Amino acid sequence: MRRIALTALFPATAVFSAVFALATHAQEPRKGGTLRMTAPYGTTFSGLDIHTSVRAQDGIWAKAVHRTLFSWDSAKNEIVGELVANVTTSADGVTHTLKLRNDAFFHHGRPLSADDVIYSLNRLMDAKKAYAGARWARFIKGAADVEKGTTPTMEGLKKIDDLTVEMTLTAKGNPGFYFYNDNTAIYPKELADTPEFLQKPIGLGPFKFVEHVPSSRMVTERFDKFYKPVHLDKVIIAIMSEAPARDIAFRNKEVDISILGPAQYVAYSEDPVLKTGIIEVAEVFTRIMGMNPAHKPFADKRVRQAINHAIDTDLIVKRLSKNKAYRAVSWLPLTSPAFDKDRKSYAFDQDKAKKLLADAGYKDGFEFEWTTSQNESWGLPIVEAVIPMLAKVGIKVTVKQIEASVLADTIRKGEFQAYIWSNQTGPDPLATLGCFYSTMPQQNCNYTTFKNTAYDKLIDAARAESDPAKIIALLKQADGILYDEAPVWFFNYNKAAMAFQPWVKGLQPNATELTHQYPELIWVTDQSPVK
Amino acid sequence: MFSFAIRRILQTIPTILAVVLLIFILFNIIPGSAISGMGEDGRGMDQRVAERMRKQLGLDDPIHTRFIAYVSKLAVGDFGTSFKTSEPVTTMIAKRIWPTLQLVFASMLFAVVIGVPLGFIAALKPGSIVDSASIVAAVSGLSLPKFWFGLLLMYLFALKLNWLPSFGYGDGNLKYLILPAVTLGVSPMALFARTTRAAVLEIMHADYVRTARSKGMSETRVVTWHVMRNALVLIITTIGLQFGSLMGQAVVVEKLFSWPGLGSLLVDSVTQRDIPAVQGTILVIVLFFLAVNTLVDLLYAVIDPRIKYS
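Quick note, the sequences are listed as chains A and B, same order.
Sequential numbering of the first sequence, starting at 1, is according to our numbering.
Sequential numbering of the second sequence, starting at 1, is according to our numbering.
Keep in mind that the hints were calculated from the coordinates and are not lab data.
From a predicted model like this one, the values you see are computed outputs, not experimental measurements.
Treat each hint with caution, since some may be false.
[To be verified] These stretches of chain A come out as covered by chain B in the derived footprint (C-beta under 8 angstroms, 3 or more residues):
1. 78 to 88
2. 149 to 157
3. 160 to 173
4. 201 to 215
5. 393 to 405
All C-beta atoms in this analysis are idealised placements derived from N, C-alpha and C, irrespective of residue type, glycine included.
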C-alpha cells in the first residue's frame, strides 16, 4: 500500500483572468451577513434530491446544503478530500481506503459515519430508482449487481470502522474525480428515503436548508457545527433565468453575485466601476462542431482539417462571443493539466482549406446539414456566422434547428451530419479523452464515432500507468492526435464570467463551473446592504 | 337559471376532454423527452440510468397505454407524478396556484380600475385630451411586449427611483407584487379602455338614450342608469375573457420577475419535457378559463334582465 496525493493528477495549472484578484485574504473575514446568489440556468431547481440531478443549476444550492467525499479546490485547481480526511491506495490503484473526517455532522445533529457513505453510494445504484449520480457510483466494483437488484450492497464498499470505508473500483482510477460531483452527496441513511427529506433536505454542508419557494428562491442559514469556519449567516439563492433581469437586480444591489452573458460581459467590462468586480475563469467546457464520418466527406481527415482552416475562429470569438471565450486549440481545455501550451490552433487559411478539399476529392466542395440549437454561445448565431466562411471554400451548409433539450438526444443517437455543442471536458483528462476511445459507444460520449489505433494505445498506456507525469505526457500525445485528426471544428473553451459586489470576498474561480461556489469560503464586509 | 348553470357546466366537459387529448398527444409526439433533456448543457448522462428512467417513467410504453393510464388517474383527480421532482403534480400546482392567482387578480384589478374609467371618460368626451390619451394608452398597452415593458418598469421603479424591488416574491407582500402585476395588467387595461370607449360611444347614440334625454332625465342618470348598465355586458364579457387568458399570459411575467407561480412551472416543465407537470398545469389554466367564462355567462342575467336563459 502507498499513500498518494489526491491531487497528483491535477497540478495547479489554472489559467484564469487577472481581472479578478484573489486578494481577499488581506482582510480578516467578517462573521455575519447574507450572501444573495443567483441561479441562472432555468426557472426552477430540478427538485431537492440532488442524487437525481445532472443540472448545473442544482449544484448551486447543493454546495451550500450538501457535501461530497471530495471537492474541487479552485485555488489549487485540483480535487481534494472533503468528507475524506485522507486516502490510502493499493499498489494496483484499484482499492482506496477512505478515512472520513471525524468532525462532520448532519444538520439534524448526528455525526457522519461510514454507514452513511455506504448507504448513499448504494442508493445511487438502487434498482427501483434511476439516480443520475449512478454515473459515478458505477465505477465501484459490484455496482452493476446492485443495479440489477441481485444484491443491496456493492461488493466494492466495505466498512472498516465507523469512520473508514474501503472502496474498490472496477479499474484503476482516482475516486476523487467521481465523488466530488454533487449528485454523489452523502445523505443521512435514516432520513434520505423519507418523504420529508424531499421537502427539507438534510446534509453535511455549511448551511442548513430553511425554505424553497419554487421558481423564486432558496434560503439557507449557517450550520454552526460545520467542520470549517463559516462566515455568513445566510445564503439566499434567487432563481433568475433572465439575464436582463439579473443585470438590473445586480446594478440595483439586490443580488451580490451574478453570472454574465456575452452582452453583459461587454457592458460590464467597459464600465469603470463594474469592471473591477468581475471574476473570470476558463471553464472545462469545449465548444465544437462535431462531424459524423457516416457522412462521406467527413470520413476524410483532410476535409475535417479543411473546415478548421476555413473558419476564422478568432473573428467569431471576438465578434460573436464578445471575447467571453478562449479560442480552442484541441479537445482539452486550457485548465486541463494535459493541455499542450505549445500547440498552435488551426490557422485561418482558406487557400490551404481549398487545397485540402481538392486533395480529398472535393475540389468543388460538398454539402452538409448542420444541426444546432438556438444557444447564443454555441448555437444558431455561430452557425450563421460560419456558413459564409465555409461557402468561400465551396462548402454549402443547410441548417437544422432543434431545441436544446432535443439536441443532446439527437447527438447521442448519431442522427446528424454535423452538430454544434458544448462538451464538458474536465476536470479528469483521462476520462475526457476516454470518450474518443474506439470502443466507447456513441451514445455515451464518442459522438463522432472516432476510431484510431494509435490513439487507443496511448489511452491504454495512460490507464495502465501510475506515474502522474507520464500519464500527462501520454494524454498530451493523445490530445495531439485529436488535434491532427480533427473529428470536430475546435471552436472555443468557455470563459465564465461572474459579477460581484465590492463587499463580497472569497469567491472562487471554479473551473468546473463558476456558479458552483463553496459558500463557507465567502464572506461579506459591513458595506453589504443586507444586515 | 339553475338549469342553465348545470347545462353550461356540462358543456365544458367535452372542451376539457378535447384539451386533455390535445395536450397529451402534442407532448407525446414532439421530439425529446424528460430524459433527452438531461445533460443538455454538455454534462454527461449515464445511458444505462437513462434507459432505466425511460422504463420507470413509462416513456417506452405505447401512446394509447400511456393515455389510458393518464386518463384513469385524471378521473380520480390524480394529475400524476412529476418526472423531474418525483412530487405529485397536484402538490406542485397547489404550491404555485396562489402566487399566480395573486398576480392575476392584482393585474385584473389594475386593468379594470384604470382601463374601464379611462374608456368611459374618453367616450363621454370624444375628441378631448382624455380621449386622445386613452387611445394612445390603449394602442401602446396592446402593442408593448410584456418582457420589454417589464424590464422598463424594473429599470425605472427599481433601479432609478429605488421605490420597488426589481424581482422576487418576498413573502407575497404588496411591494413585490406591483411591478409584475402592472406588467401583466397593461395589455388588458388597454383593451378594457378601448372596449369601454367603443361600447359607451355606441350606446350614447342609441334610441333609448335619446328617448331618456328627451324625457328630461338628467345626464348623470342617463349615464349611470342606461349607458353604464348596457355597456357593462360587453365590458364584463371582455373582462371575463381576459381574466381567463391572463393565467396563460403570466408565463412570461413570472419568468421575468422570478415569481413562483404556474407560469414559471410551465416554462421549465415544457423545456425539460416534464409531461405530467405540463399536462397538469395547462389543464388547471384551461379549467380556470372555463370557470371564469361560465361565471361571466351567468352574470349576464344579473346585469341585464333582458337576457333570459331557457
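We went through each hint and held it up to the structure:
1. With 0 residues having a beta carbon nearer than 8 angstroms to a beta carbon of chain B, the segment 78 to 88 of chain A misses the requirement of three or more and the stated coverage is violated.
2. With a threshold of 8 angstroms between beta carbons, the proposed coverage of the segment 149 to 157 of chain A by chain B is violated, since 0 of its residues qualify and at least three are required.
3. Interface restraint, the segment 160 to 173 of chain A with chain B: violated (0 residues with C-beta to C-beta distance below 8 angstroms; minimum three).
4. Against chain B, the segment 201 to 215 of chain A contributes 3 residues with a C-beta closer than 8 angstroms to a partner C-beta. That satisfies the three-residue criterion, and the hint holds.
5. Interface restraint, the segment 393 to 405 of chain A with chain B: holds (4 residues with C-beta to C-beta distance below 8 angstroms; minimum three).
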